[in-house]
Amino acid sequence: MSIPGVACLLIDLQEPFLNSIPDNQSIRTRCSFVIQACGLLGIPVYFTTQVKGKLGPTVAELKDLVPEAPEWDKNTFSAWPVESLQARLKDDGIQHLLVGGIETPICVYQTVIGAHADGFETTLLSDCIGCRRSQDGDSVLRALSQHGILALPSESVFYSMLGGVSHPAFRDFTRLVKNHS
Numbered sequence: 242m243s244i245p246g247v248a249c250l251l252i253d254l255q256e257p258f259l260n261s262i263p264d265n266q267s268i269r270t271r272c273s274f275v276i277q278a279c280g281l282l283g284i285p286v287y288f289t290t291q292v293k294g295k296l297g298p299t300v301a302e303l304k305d306l307v308p309e310a311p312e313w314d315k316n317t318f319s320a321w322p323v324e325s326l327q328a329r330l331k332d333d334g335i336q337h338l339l340v341g342g343i344e345t346p347i348c349v350y351q352t353v354i355g356a357h358a359d360g361f362e363t364t365l366l367s368d369c370i371g372c373r374r375s376q377d378g379d380s381v382l383r384a385l386s387q388h389g390i391l392a393l394p395s396e397s398v399f400y401s402m403l404g405g406v407s408h409p410a411f412r413d414f415t416r417l418v419k420n421h422s
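For what it's worth, my numbering labels the leading residue of the sequence shown as 242, then goes sequentially.
If you are wondering where the hints come from, they were derived from the structure by calculation, not from laboratory data.
Nothing here was measured: the structure is a model prediction, and the numbers come from that model.
Don't be surprised by glycine CBs; every beta carbon is placed ideally from N, CA and C.
Check before you lean on any hint, since a few could be wrong.
Unchecked claim - Using 20 Å as the maximum straight-line C-alpha spacing, the simulated EDC-like pairs for lysine to aspartate or glutamate come out as follows: (1) Lys315 <-> Asp359; (2) Lys304 <-> Glu256; (3) Lys293 <-> Glu256; (4) Lys293 <-> Asp305; (5) Lys293 <-> Glu309.
To be verified - Pairwise CB distance ranges (calculated): (6) Asp377 <-> Pro308: 30 to 38 Å; (7) Glu324 <-> Gly294: 16 to 24 Å; (8) Gly280 <-> Gly360: 22 to 30 Å.
I would like the entire structure built from these sequences, with the hints used as guidance.
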């Protein structure tokens, strides 16, 4: 079972960045939930890192949930200029990105704006993003909403994809929700 045309892009979930975010444990937990929910629904997960050689890889607690997930290293704030990422999304038939990661007003913002400008539907997973200063994140979310980009809690997004209790993954999904509450 899969949700065609949808992928999850998790941006720069590296230890130095996560450690600078207040309540980063919540982001780790919610990203873990999202990765596992994507697995239940057959949604591919992609990662980016910012200057991996200096700042380290995606944190193991998340990457180890999907070791086969591709990861792109970048030296730009936006992941969108990474041509091999764009090519992979197009080759995989992706039209809608579910986006999480850090930091909201920098790398996440620039990536989402780039994807949106290139015609990708984008939904920010509001419980999977964060920044050092909450007021910066709030400003960015308001600006993105003016571009028609939604920011929703991950459970809302995944329940919408399930559509109802008759979905074959519903029972497993509700167990996952309970385990991450």
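Going through the hints against the structure:
no.: 1; hint: Lys315 <-> Asp359; verdict: 19 Å, holds
no.: 2; hint: Lys304 <-> Glu256; verdict: 12 Å, holds
no.: 3; hint: Lys293 <-> Glu256; verdict: 11 Å, holds
no.: 4; hint: Lys293 <-> Asp305; verdict: 17 Å, holds
no.: 5; hint: Lys293 <-> Glu309; verdict: 18 Å, holds
no.: 6; hint: Asp377 <-> Pro308: 30 to 38 Å; verdict: 33 Å, holds
no.: 7; hint: Glu324 <-> Gly294: 16 to 24 Å; verdict: 20 Å, holds
no.: 8; hint: Gly280 <-> Gly360: 22 to 30 Å; verdict: 27 Å, holds
Checked against the numbered hints given earlier, this structure breaks none of them.
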